[in-house]
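Heads up: the sequence lines are chains P and E, in that order. Okay, so the first sequence: first residue is 1 according to our numbering, each after it adds one. Okay, so the second sequence: first residue is 1 according to our numbering, each after it adds one.
Note that these hints are calculated values from the structure, not bench results. None of the values given here were measured: they were computed from a predicted structure. Warning: the hint list may mix true and false statements.
To be verified - Computed from the model, here is a short list of chain P residues facing chain E with C-beta under 7 Å:
hint, residue
1, Gly56
2, Leu191
3, Val456
4, Leu459
5, Pro461
Beta carbons: idealized from backbone N, C-alpha and C, even for Gly.
There are 2 protein chains.
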Amino acid sequence: MPLQYNESAPAAPAEAELPPPGTPDIEIARSVQPQSILLLAQQRFGLPADSLIPFGHYKAKLNMKHFGLPDPATYGKLVLVTAVTPTPAGEGKTTTSVGLNDGLNRLGVKSSVCLREPSLGPCFGMKGGAAGGGRAQVIPMEDINLHFNGDFHAITAAHNLLASIIDNHIHWGSESGLDPRYISWRRVMDLNDRALRNMIVGLGGAAHGLPRETGFDITVASEIMAILCMADGLADLRQRLARIIIGRRRDLSPVTVGDLGAEGAMAILLRDALQPNLVQSLEHNPVFIHGGPFANIAHGCNSVMATRYALSLNDVVVTEAGFGADLGAEKFIDIKCRQSGLRPDAAVLVCTVRALKMQAGTAKSKLATPDVQAVYAGSDNLQRHIRNLRQFGLTPVVSINRFPTDSDDEIAAIQAICGDWGVRAIPAQHWAEGGAGATDLAQAVMDQMDAGEPDVQFLYPDELPLTEKIETIATRLYDAARVDFSPDAKRQLEEYEQLGFGHLPVCIAKTQYSFSANPKLRGAPSGHVLPVREVRLCAGAGFVVAVCGDIMTMPGLPRHPAALDMGLNAEGDVYGLV
Amino acid sequence: MPLQYNESAPAAPAEAELPPPGTPDIEIARSVQPQSILLLAQQRFGLPADSLIPFGHYKAKLNMKHFGLPDPATYGKLVLVTAVTPTPAGEGKTTTSVGLNDGLNRLGVKSSVCLREPSLGPCFGMKGGAAGGGRAQVIPMEDINLHFNGDFHAITAAHNLLASIIDNHIHWGSESGLDPRYISWRRVMDLNDRALRNMIVGLGGAAHGLPRETGFDITVASEIMAILCMADGLADLRQRLARIIIGRRRDLSPVTVGDLGAEGAMAILLRDALQPNLVQSLEHNPVFIHGGPFANIAHGCNSVMATRYALSLNDVVVTEAGFGADLGAEKFIDIKCRQSGLRPDAAVLVCTVRALKMQAGTAKSKLATPDVQAVYAGSDNLQRHIRNLRQFGLTPVVSINRFPTDSDDEIAAIQAICGDWGVRAIPAQHWAEGGAGATDLAQAVMDQMDAGEPDVQFLYPDELPLTEKIETIATRLYDAARVDFSPDAKRQLEEYEQLGFGHLPVCIAKTQYSFSANPKLRGAPSGHVLPVREVRLCAGAGFVVAVCGDIMTMPGLPRHPAALDMGLNAEGDVYGLV
């Protein structure tokens, strides 16, 4: 039964008169009437309506049954957007990704951007929404920030179904031999809720299970989130779920989801969530938003499925990776590319005048004052990231996300510094101007790709022992003098090798605010020691996490949560979501 | 921007050759190609596409922005489907509701049916799916049973957002004066998970909140579920949320959601969920499925919104209420009708030969053996329900949900018994035959409504004190000799009166398996004592719950959960969901 878009539906709306820069994001977002998503998919990609699963008129999932898995022979080029070390000044990686894609489309390039999905937790805590900003946004903004097509809820449900099956298994006698003292599988919730970090469940007597210590993480920290983002189709998803290690027997042998037989029901809950979501930018260019694993204890990139499908439908695909290039780009290449076979054809390194000045120690209150010397001083951070990307075989294009207070001299300083590295630095004004403000950047990226295909290299081979993999990242990217493994971490890494997981890549969980494990060490520190406090085996996601310092897997709410200032107006529209 | 269905899309598929009776429900469901839901809404109701929010091609929500609130002057007639006391033999209330609606449509009546949404918990535990059965089913069956348009996930998120705001409020010093020892708001999850019933949260030190006892209920037990089902639009939803009492101060004065200011953010999360869902039966007749509050500690009916919209779009609307008529019909009338102004125009009382025989004590293994005497003996249960419905001013049509093993004599016995009450009893075979098996029933319901409008009466007036309301239900419907209030319950009811909640209706939470609080007391017991163990004030939902006996608000999984036999086949289709 062919389902098609309505041929009589109007074409994409003419370019709207947008509110002035500085208007709240949600008001800018709401001022643009989105294009019918089925029509957009037909016009841009020639896709019939039954190849999509609409969620409302402006969001859709790609119907995997229609497509099958994409053929790499059809892939366009892949552009990785990464950034300098984040500061409270804000760098605008998502905004740049959206703006660059709009810029590419203005140049006539058939291009899409792939982003991560936002979490409800930060949305109601402090951060607000996460769908770009200014005139470089994705719409419908409220829907993307709230429940977005049910993906995170499905992950939460699958994760907690497994938890309930585990506790039920213990309640009925633990046929598998799983030792309740060694259950490592916690529960998750897509909220910030500190009271759930540490708890004792199973209280109230024998009818109510076995009392034991456990807790909740935020959903983006779930291994299932990472699995959904790494999975290459339903069969791979199911196999990865079955490989998850949920605890140990008394003899410390691992118990997997497959041992309990829960992977089938979990896959049922995740079936729809595995399908990439299609939405649009303010300029009606296609945007894929799918998956959102933490960039510390997971790999911080959108799903492999979304990247694959986007590549098969476009000539160029822009994608972003979480935090700075030390975490995001490294994991993108060493984890996501290694497992999926994908390779970036170019990299964009986002920086701002303000961020470099903060790296040099300038106070946030003085960022608006021109200070070329501070830009030079803080550029060691930018240069370290350029050097690092070179180690992966990538020469980045630096995108200077321009603020109104940036002076021409400061911009010129960044360009001069980059010039010394043989790197182009392009000011971009997509936040204020949309795609029109990013055509220079888009052209520079196209030029870079025209100049030749990069020879992308992993930082380490699969065969290197896990400890040496961690040491390689620490010394070659972070310029650490050495790694300090805790006795537990050392013992566990040895055990993982013995269990046959030594070939896995490692995923460093450390602060995003420094090349070191100390968030206060700005710029480009060297000679520091990277402390590996604990390690975790994500056998389903396919990596070993090395936790360096304190990593929070369940955030708390601030004294006055953003939630308390939100609501619906008389028309039923959301206010307070910024 | 007008969005319309595709005019060139094919008409509803011709009547399919369905698999034979006895085929698993999911296979029957999957053998029918659903009609495009936008096209169905256009053909049946004349609705343009932008009045609907599609979720895939076969499910949609009604877009409240398009409609506004329906005008009662446009309402069709409302038929309440209720049942005798449930037994393990299964009565088929949902199946009858779906079949009756298909039967009405076969008679040329413009009719829809309103049902409750299924919960994920029982689906993975024992019960399997809940979208009718046999040839009286709603499709797409898997989608309705899994995540259905995100409603339950939204309720879970809104409920737990409030919980996180409460614990955060305590963590930062409890500005409202809320006493952490008196927090009554728990958390919810849409799963069966006994280990979460009783827990201590906030462990791990001062940075992780205040340790306190709490627990999780299943999402269908959330007061927010009841609120969503009672709310009459977004403004009413917000007001009801603000009225929720989440705990007490040291002086025992109640603290509400409004005191914390959380109702706006909660309303944001619930905005889409408040809109009724439209799907279709196997025979492509419109079905509204929306909301699913527990039928014990809540009122057990689909949403007021769905009933309202369905009534404004149809000449007849069939709706069901949970459990037997003692719980379901009573709450439908005394709570839902009282609050919403809706009134039933007719009632259908579902019974089976098997159920009556079980009421008489026949063992489940002997139900297939004809036994007219047992039918007579068990009919006291049926007769009690008929008498009770008469007290509400309703003369029911009895629907005998016919099984292949039922003898003609047994059917005739039920008809004779009903005849003595002036009630028609119609055998119906929708399970085996679809709507064609329910046209006699449909005609009888139409005849009943043609005969005159019932004078529907509440069982008690608003002004009656809460204790007397409970006593009225217990003595007049359950034939209890008296009510035994625990000292706590008595004290709390007095307090509710003092706080100004004495005008609320009461919601009895008792076993569904008996007119008494003892599930083993079958038939039509009288002279028993109804023990009210505790009471709860649902100030947002608008009723006072009287808990009689043990009521489980978080189910557990059985030794071998249904989840372990589920999965996706190579085509990505669900198996094991029954």
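Verification of the supplied hints:
Contact between glycine 56 (chain P) and chain E, as hinted, is supported at the beta carbon level, the nearest pair being about 5 Å apart and thus within 7 Å. A least Cβ separation of about 5 Å between leucine 191 (chain P) and chain E falls short of the 7 Å threshold, and the interface hint therefore holds. Among the interface hints, the one on valine 456 (chain P) is violated; its C-beta lies about 33 Å from the nearest C-beta in chain E, farther than the 7 Å criterion. Restraint check, leucine 459 (chain P) versus chain E: the minimum CB separation of about 35 Å is more than 7 Å; hint violated.
Taken as an interface hint, proline 461 (chain P) does not check out: its beta carbon lies about 35 Å from the nearest beta carbon of chain E, beyond 7 Å.
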